[in-house]
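There are 4 protein chains.
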Amino acid sequence: MNDLRFVEIGDVKKINIFGRLGKMKNPLPLFFNGSGVEIVVTGSDLWIEVETDSDFHEPWVAYELNGALMSRQMLLPGEHSICLFRNMNPETPKTIRFYRELQAMSEDDKCKVIVKGFKLNGEFIDVPVYKRKIEFIGDSITSGEGSYGCVSDVDWLAMYMSASVNYATMTAKELNADFHIFSQGGWGVYCGWDNDIRHNIPSVYEKVCGLATGPSNEALGTLDDYDFESWQPDTIIVNLGTNDITAFSQPPILNPDDNKMYCQRRNPDGSLNRDDEMKVEKAIISFLKMLRLHSPDAHIVWCYGMLGCDLNLTITEAISEYRKETGDKKVDFFQLPNTTMETFGAHMHPGKESHRQAAKALVNYLKQFD
Amino acid sequence: MNDLRFVEIGDVKKINIFGRLGKMKNPLPLFFNGSGVEIVVTGSDLWIEVETDSDFHEPWVAYELNGALMSRQMLLPGEHSICLFRNMNPETPKTIRFYRELQAMSEDDKCKVIVKGFKLNGEFIDVPVYKRKIEFIGDSITSGEGSYGCVSDVDWLAMYMSASVNYATMTAKELNADFHIFSQGGWGVYCGWDNDIRHNIPSVYEKVCGLATGPSNEALGTLDDYDFESWQPDTIIVNLGTNDITAFSQPPILNPDDNKMYCQRRNPDGSLNRDDEMKVEKAIISFLKMLRLHSPDAHIVWCYGMLGCDLNLTITEAISEYRKETGDKKVDFFQLPNTTMETFGAHMHPGKESHRQAAKALVNYLKQFD
Amino acid sequence: MNDLRFVEIGDVKKINIFGRLGKMKNPLPLFFNGSGVEIVVTGSDLWIEVETDSDFHEPWVAYELNGALMSRQMLLPGEHSICLFRNMNPETPKTIRFYRELQAMSEDDKCKVIVKGFKLNGEFIDVPVYKRKIEFIGDSITSGEGSYGCVSDVDWLAMYMSASVNYATMTAKELNADFHIFSQGGWGVYCGWDNDIRHNIPSVYEKVCGLATGPSNEALGTLDDYDFESWQPDTIIVNLGTNDITAFSQPPILNPDDNKMYCQRRNPDGSLNRDDEMKVEKAIISFLKMLRLHSPDAHIVWCYGMLGCDLNLTITEAISEYRKETGDKKVDFFQLPNTTMETFGAHMHPGKESHRQAAKALVNYLKQFD
Amino acid sequence: MNDLRFVEIGDVKKINIFGRLGKMKNPLPLFFNGSGVEIVVTGSDLWIEVETDSDFHEPWVAYELNGALMSRQMLLPGEHSICLFRNMNPETPKTIRFYRELQAMSEDDKCKVIVKGFKLNGEFIDVPVYKRKIEFIGDSITSGEGSYGCVSDVDWLAMYMSASVNYATMTAKELNADFHIFSQGGWGVYCGWDNDIRHNIPSVYEKVCGLATGPSNEALGTLDDYDFESWQPDTIIVNLGTNDITAFSQPPILNPDDNKMYCQRRNPDGSLNRDDEMKVEKAIISFLKMLRLHSPDAHIVWCYGMLGCDLNLTITEAISEYRKETGDKKVDFFQLPNTTMETFGAHMHPGKESHRQAAKALVNYLKQFD
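Residue numbers (numbering that gives the first Met the number 0), protein chains in the order written: chain A, 0 to 369; chain B, 0 to 369; chain C, 0 to 369; chain D, 0 to 369.
Since the hints were derived computationally from the structure, they do not count as laboratory data.
It cannot be assumed that every hint is accurate.
The list treats identical chains as one, so a pair stands whether inside a single copy or across any two.
[To be verified] Calculated lysine-lysine pairs in the DSS-like style (CA-CA distance at most 27 Å, straight line): (1) LYS115 / LYS24; (2) LYS366 / LYS351; (3) LYS329 / LYS278; (4) LYS281 / LYS328.
Given the sequences, and given the hints that come with them, work out the whole structure.
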């Protein structure tokens with residue numbers, strides 16, 4: 000291995016980078032689950048140099064060799080030199096994709112994964128070209144929460160989330176697409192599962208990774224305005240609503256920002272309070288306008304249903320209203336298959352089979368627009 | 000078999016009758032696919048006496064023994080004495096369900112299936128009690144068109160339709176429900192697949208079987224007002240829209256009733272002409288009002304998507320508008336899984352596996368309201 | 000339909016006939032389950048003229064249009080004119096396969112199905128050419144017993160048997176093969192399930208249909224020597240042994256032919272009595288010699304295991320002994336997948352899914368010899 | 000984490016150890032794939048302390064939390080402190096199983112995995128009690144070769160092998176069984192895939208881990224006689240033969256031990272040379288005697304067929320001969336489902352779905368002996 004040389008990530012020209020990029024590119028932070036790097040190399044050995052930090056929620060990473068998952072592991076704070084393969088046939092080109100499993104962590108300011116470069120004894124060769132670009136925006140479902148872990152596990156921990164077992168990744172792979180994920184467990188389009196109105200995706204969507212705060216993240220550029228022109232998706236999948244509907248069954252919560260109580264209400268007959276439902280609809284309409292502003296040509300598909308579809312008519316009413324207001328026709332609604340007793344993963348979230356079914360339905364749907 | 004005795008259908012007290020009933024009950028016409036009779040009997044042998052007529056579209060029937068499909072056959076015009084089983088253990092109770100496979104035929108005025116009675120050498124015993132009552136209203140999908148036949152078959156014939164391979168029947172069985180089917184291939188909520196505005200389900204829904212016309216049918220009472228109070232469903236599944244969206248891609252058609260041309264139009268960019276889309280929406284709203292008028296307590300679920308979901312936002316906008324207008328909250332939208340290349344049956348209609356998947360999703364959805 | 004003409008079966012030159020043929024070919028008896036006729040015709044309408052008889056065990060038949068099962072029904076004694084299709088596009092060639100569902104009946108001397116001819120208004124055109132020829136020899140499994148019917152059904156009746164839901168038919172279809180079935184429920188290679196040594200397949204195998212006796216059958220030629228040269232299989236699948244092993248757990252039985260008691264015995268530890276096991280092995284060796292005599296070039300595969308595999312070592316020991324004795328190398332053993340709680344059909348026999356799994360494994364196995 | 004305490008593996012009394020044990024138990028070497036430790040602990044954090052070494056073939060390990068696979072990774076030479084979980088609910092008992100993925104390596108004398116102990120802040124509580132004990136003896140299939148990796152991967156490397164995706168592990172889990180694996184890729188019961196007669200499992204079976212040689216391994220006790228009385232299996236699954244049949248299609252090879260050429264031959268017609276076939280049979284008979292010597296009460300099942308079943312009659316003839324010679328009845332033959340184009344993993348070995356199918360069939364088979 001004396002012949003291994005180190006190449007800084009910024010010097011690798013033949014590379015696919017998945018996930019949003021900020022100002023810092025060398026070394027390269029991986030902000031979201033699914034954020035990662037893909038290279039094709041010759042040579043017998045390949046290592047990746049990574050720096051990580053975290054407090055409570057340690058990052059997990061995974062890598063695939065020629066499209067097959069080989070390893071998935073926890074990374075505790077520090078510098079990591081990870082061997083991705085060794086002793087392989089030097090002439091054969093090997094495709095490696097290394098990516099973050101853990102979502103952007105709004106609850107751990109220290110959490111970060113930074114790729115510094117590769118050690119190898121071969122050459123970088125041309126990487127696959129992806130014709131499609133898909134952006135996935137979501138909540139815990141898109142963060143792969145519960146995609147790992149036993150059905151009876153209920154702790155809320157980093158290890159249960161993934162990009163490796165995730166309808167977003169599966170869909171992108173099947174459609175041969177480059178993809179971005181922007182998601183956060185517990186958040187909604189209007190409010191979080193617990194009525195916390197601060198936990199809405201639109202409020203952080205325009206920053207590089209507005210979910211990751213604190214001095215360490217800020218230094219990585221997470222709170223900078225995101226340069227949407229740098230990566231224009233063909234398709235935007237919004238998978239939000241699951242936490243917004245949950246909020247209607249939760250107690251009021253105090254918002255420390257304005258010291259007021261917030262609560263989405265139900266009528267005595269169990270139906271949604273119309274005023275509160277309209278708050279969700281306004282948030283949807285407003286978010287669609289934000290998305291359209293930044294991605295003028297994208298086909299926007301609101302996908303919903305992997306954990307129940309009680310918000311179907313609320314979401315579609317908002318989309319219809321948005322279409323009427325704006326004349327924008329490139330917005331659709333698509334219901335995803337529900338998770339059942341046979342397809343649950345950990346703590347009542349979609350398991351691998353549920354993600355697989357959702358990806359299959361979504362791929363089938365998206366292909367008709369080719 | 001000398002010991003067999005004949006019992007008129009009107010004299011059978013222990014019986015489940017599936018499908019709408021008109022004034023004529025002895026003998027008993029089976030108007031729709033899925034319309035049928037279910038009895039539980041002792042004795043070694045059982046026969047059913049049936050009279051049928053037809054011109055071009057001959058009726059097909061099927062029967063199940065203890066829940067398992069045993070036979071499916073064509074019935075040409077005449078009197079039929081059909082042996083349902085023979086030489087069985089006389090003591091064991093046997094459950095037999097005999098039903099019509101072919102939809103109500105709007106295109107064959109002579110087509111009819113009339114049950115006259117049974118020949119048996121045992122006793123009628125108590126039939127199953129079904130807690131749920133579900134009404135399915137639909138088009139060719141609910142008529143099971145293409146559920147039989149080879150993928151490459153394209154003739155439009157009676158033999159390809161069924162209740163035996165049909166998401167409606169499968170759903171009712173899985174939920175242990177009594178059920179009605181009211182469906183017609185090619186028809187929509189506003190117009191038929193070919194822009195024929197006469198082919199809309201609401202226009203015939205209030206008659207016993209408004210789809211079956213002509214003197215022969217009229218004599219059976221098909222055009223009488225249906226007595227909705229006689230059978231109040233808990234759940235109404237409306238699976239319409241597939242032909243309404245098809246009409247937007249078809250040429251204009253002359254309506255002989257008013258000698259005018261009719262055509263649902265698309266905009267130059269391919270989107271739906273808003274005026275024409277609103278015709279569909281008005282028809283949906285109006286039909287929902289009709290359904291609610293006759294079934295004040297039913298949970299109405301508009302199901303759609305087995306042959307594409309392009310009309311999602313049109314249907315949901317109409318439902319939302321209906322809810323706003325009426326305050327009626329017991330109306331929902333549920334998207335069914337799409338048919339794929341692996342699940343097509345004959346002439347590009349859902350095959351058995353597609354019906355199975357739709358039933359599975361629908362059962363899972365309906366169970367949450369238990 | 001005035002334009003329909005009748006063509007005697009003996010005058011149809013473009014035809015595939017499945018199943019063994021005896022001296023009588025016009026009209027044409029269908030002796031075994033799977034025995035049938037296949038034609039390709041133009042014209043709008045097609046009828047088949049059939050004569051049947053039976054006492055206790057009435058024959059069932061089925062037919063497929065372009066490879067898809069359309070109908071399955073009971074035929075009581077008499078002349079039957081069965082419409083196979085009507086009103087189809089006259090120009091399009093239609094492939095129809097009409098076949099017997101019920102096994103050859105050793106227990107009903109009157110049981111018979113005789114095809115007399117077709118009525119049609121089109122032309123007979125070329126039929127498919129099958130490259131492979133496969134003979135299936137078996138017991139109730141190959142007779143499709145329990146392939147129809149509810150899991151809890153236990154009567155032993157004709158209606159539960161089939162060729163339509165049968166690993167033999169599925170295998171032949173998947174391999175694009177002509178095929179013969181020779182099978183009988185309850186019979187073995189040495190003795191029947193109940194120790195009746197008269198119920199062994201080899202004793203009747205050399206007659207056209209030695210299972211069907213009595214004057215009526217004799218007149219059809221069932222007891223004539225079968226002309227093996229008339230149809231030489233490439234592959235012979237022997238699926239016997241399930242009843243032979245059952246006999247080891249049954250009480251002794253009196254054989255009326257010699258007035259002796261017969262019983263396959265187990266040792267006190269539950270293992271097979273070696274003398275009795277050797278009787279089975281001798282029967283296997285002797286049967287393999289008989290098969291080889293009549294089919295000098297066929298690949299003989301003893302398949303076993305769909306209802307347990309307790310006889311694996313007995314069967315393979317016999318095959319090895321046969322190979323040593325004869326030097327014949329074209330004999331193999333292949334274990335079929337077992338039926339499980341999820342794949343049972345009626346009265347503890349393989350259901351549709353079990354037959355499908357067996358066919359899949361067998362097709363995969365046979366393809367490696369191509 | 001200051002409160003974590005270290006407990007030597009030898010001091011852990013409440014533990015399940017999978018896989019063969021030699022004289023060295025503290026620290027504890029994991030010799031085979033599937034060899035591992037299982038504990039149930041309270042506390043929020045758990046670490047395992049492991050020492051590994053290797054040259055070309057680095058060990059891989061995996062661990063499961065409450066039965067769900069959480070991580071799989073490569074371990075390069077050195078001391079490893081691996082966090083198995085952190086920040087979990089301290090009161091909830093957590094079941095952790097940590098095991099070796101890589102088979103015993105006959106080709107890397109330095110390769111080893113040694114467990115030193117755990118760091119934890121909770122208590123060890125009672126571990127599951129397994130009623131069954133199953134020993135799996137095999138080749139690359141049982142080593143899980145190709146169970147990871149892309150279908151087109153052809154390098155022969157440690158990373159492609161596993162216990163995590165392996166019919167042996169799946170079978171043991173499903174049957175709630177303790178289990179041992181003894182396997183080696185490329186080896187047979189008589190000779191290796193390339194005719195190397197030194198590569199036969201029986202020659203090393205009686206040593207603790209006769210596959211692992213060299214001073215480093217010897218120091219761990221791999222070449223000591225194994226104490227069979229220390230762990231008596233109820234069931235022994237022998238899955239050998241796949242390499243023995245391959246040898247019949249390979250060129251001769253020089254055996255450096257005696258400087259002679261060795262080759263299993265075929266006859267001109269492609270059948271196996273009888274003398275050479277008898278060498279395999281003798282090896283089987285001899286190995287069965289060795290197994291019976293050490294495990295007098297075990298049910299021995301020779302399982303074969305996941306990569307073709309060409310040796311069926313050779314194996315069964317040997318088993319029958321063994322049974323005749325010894326009178327031993329507790330030896331059976333069971334054919335496993337073949338791997339198909341849809342179920343291959345890397346370099347033409349069984350993939351996950353093939354292992355799953357094999358486990359399902361084997362579990363179904365073994366359950367009937369309960």
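Results of checking the hints against the structure:
1. For the identical chains of this complex, LYS115 and LYS24 are intra-copy neighbours only, at 9 Å inside a copy versus 41 Å across copies, given an alpha-carbon limit of 27 Å.
2. In this assembly of identical chains, the alpha carbons of LYS366 and LYS351 lie at most 27 Å apart whether taken from the same copy (22 Å) or from different copies (23 Å).
3. Proximity of LYS329 and LYS278 under a CA criterion of 27 Å is satisfied in both settings, with 23 Å inside one chain copy and 21 Å between copies.
4. Taking the shortest alpha-carbon separations for LYS281 and LYS328, both the intra-copy value of 18 Å and the inter-copy value of 20 Å come in at or below 27 Å.
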